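Asks: Let the hints inform the model, and build the full structure from the sequences given.
Okay, so the sequence shown: first residue is 64 according to my numbering, each after it adds one.
Honestly, the hints are just simulated from the structure, not real lab data. Don't take each hint at face value.
Claimed, not checked - Below, a list of computed lysine-lysine pairs in the BS3-like style, where the Cα atoms sit at most 25 Å apart:
id, residue 1, residue 2
1, LYS494, LYS475
2, LYS565, LYS551
3, LYS494, LYS522
As the list claims (entries may be wrong) - Beta-carbon label-pair distances, calculated as ranges:
id, residue 1, residue 2, range
4, GLU207, GLY184, 30 to 36 Å
5, GLN510, GLU544, 34 to 40 Å
6, PRO296, TYR109, 50 to 56 Å
7, ASN329, GLN203, 30 to 36 Å
8, GLN299, SER220, 57 to 63 Å
The model shown is predicted, which means the values in this text are computed figures rather than measured ones. All C-beta atoms, glycine included, are put in the ideal place defined by N, C-alpha and C.
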Amino acid sequence: MDISQQNLSEQPERESMSFDVVIVGGGPSGLAAAIRLKQLAQQHQYSLSVCLIDKGASIGAHILSGAIIDPIGLNELIPDWQQSLNVPLTPVSEDRFLFLGAQRATSIPQWMLPGCFKNHGNVIGSLGVVCEQLAGQAVQLGVEIYAGFTGTEVLYSDDGAVIGVATGDMGLDKAGQPTAQYQQGINLLAKATLFAEGCRGQLGKTLIERFALDCDSAPQTYGLGLKEVWQIPAEQHQPGLVIHCAGWPLGADTYGGGFLYHYGDNLVAIGLVVGLNYANPYLSPFEEFQRLKTHPEIRACLQHGQRLSYGARTMVAGGLSSLPMLSFKGGALLGDDAGFLNAARIKGSHCAVKSGMLAAQATFEALQAAEQQGQTLADDATLSSVYQRGFEESWLYKELYQSRNFKPYMKKGLYLGSALFGAEQLLLKGKSPWTLKLTEEDHQALQPAENYVPLDYPKPDGVLTFDRPSSVFLSNTHHQEEQPCHLKLKDRRIPITVNLTKYAAPETRYCPAGVYEILHEQEQPYLQINAQNCLHCKACDIKDPTQNITWTAPQGGEGPLYQGM
64 MDISQQNLSE
74 QPERESMSFD
84 VVIVGGGPSG
94 LAAAIRLKQL
104 AQQHQYSLSV
114 CLIDKGASIG
124 AHILSGAIID
134 PIGLNELIPD
144 WQQSLNVPLT
154 PVSEDRFLFL
164 GAQRATSIPQ
174 WMLPGCFKNH
184 GNVIGSLGVV
194 CEQLAGQAVQ
204 LGVEIYAGFT
214 GTEVLYSDDG
224 AVIGVATGDM
234 GLDKAGQPTA
244 QYQQGINLLA
254 KATLFAEGCR
264 GQLGKTLIER
274 FALDCDSAPQ
284 TYGLGLKEVW
294 QIPAEQHQPG
304 LVIHCAGWPL
314 GADTYGGGFL
324 YHYGDNLVAI
334 GLVVGLNYAN
344 PYLSPFEEFQ
354 RLKTHPEIRA
364 CLQHGQRLSY
374 GARTMVAGGL
384 SSLPMLSFKG
394 GALLGDDAGF
404 LNAARIKGSH
414 CAVKSGMLAA
424 QATFEALQAA
434 EQQGQTLADD
444 ATLSSVYQRG
454 FEESWLYKEL
464 YQSRNFKPYM
474 KKGLYLGSAL
484 FGAEQLLLKG
494 KSPWTLKLTE
504 EDHQALQPAE
514 NYVPLDYPKP
524 DGVLTFDRPS
534 SVFLSNTHHQ
544 EEQPCHLKLK
554 DRRIPITVNL
564 TKYAAPETRY
574 CPAGVYEILH
584 EQEQPYLQIN
594 AQNCLHCKAC
604 DIKDPTQNIT
614 WTAPQGGEGP
624 LYQGM
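Replies: Right, dumping it as structure tokens:
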């Protein structure tokens, strides 16, 4: 029978591969875990098979960050990393923090800045390139890495323990049926499975729900980060200059801020982070980012330059109080999949590396204990206890504890929140006797459109400001159109009956890639999903007001191909 006519239910049983540890995600946390596991195995002369999969076409293809890197994690993982990793990095030379008005900028004196806003000792560069180099180190240690493979399903034992993941099928048509190019996914079985998918991980999200890992946590909150890399004239370039800004173009009631980093060969990374707990459904993070570049202070830096690349992704921002339980029967959450990011510093790579190392240590000890006792890892409490204890005794916990009130303070507005957080950091060094917690999820913050006036964003000039299509083009995003749509609607009526009617179709604005459009070509308006544009940022999964949209991974190897981002 021709495979294109064969029903999926008639396909042969999936092929399986078995490992000691399977890691889902090739970002800094997953790679750090893989490297540390192999380091421990070598130190103890212990045979350990480790497999890492990543949905990007290559390791680093889906990595997007500012990126200012605090090297504390890398120093612990690979003490000679500056020599062994071939990564061009620029040391931070100067910090500036600006409050922006529409035409003016007020610089905050260094003595008024909390320590978490300062970057002495940090470096600027591409986190994607760092991950690419870390992958090389992992392979040298014996880690099996498979890029272009998506983890689409968690596998469970009969008693409910995680025993691995299934990778996605490839070569399906839009109806989900096999074509002549069909390739069945495989089951990757493991004694321990570590999930390091990044922010709002598809599988991590299901694990948190299945095991009620967030039952004692405050709601998680997120920011949407948009970034461009520019090359500017040499005379405008100040290697190592770091500028952070708050205020315009966002209103005082909307959390967010911009950044501008000088590094490399006359390169500037410029971006805007917008908290996804905003209320105004007419707000467009993409358009606000374009407006930021028109500010005189920012325009002066970019003038006569050339835009090289564009990307967007979400980032966790809830902090310590929003962390779920870190482990479950058969595995653990790492990095952004768990929520390890310091929003006050706008940094997460060092947190990710440390969490990966902590999870690796716990996993290694758990595997040894299970082997000695003749049990499976799921029957042993070592993973949970060692991971949690290691975290609570680490510098990572101390750092997140010190800034734990940042997002709750910022919910009070830009100026009051900044004053309260600054006072807590400068006077109490983050050791205040109180802990504030968030109380609502980001999608719950969106208000009806009738409460707001539509925002009038200027048309792009094609020199400094740009539209979504030309921006997505620079992200090298590609998806095979003949495949099931990876953006799932629970109810196809809701985009019109609720989102359009009540909220003026906010998905057409919060998406940074023009994936969602309301068209009127038929008798009734309908939602057009341009899934081929998707940057995998997952803002729709987070911000949709009725949680009707679910982001799932498309075929392996698809999506953006970030180069030097």
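Asks: Checked against the structure, which of the hints given earlier come out wrong?
Replies: Number 3 - this is the single hint that the structure violates.
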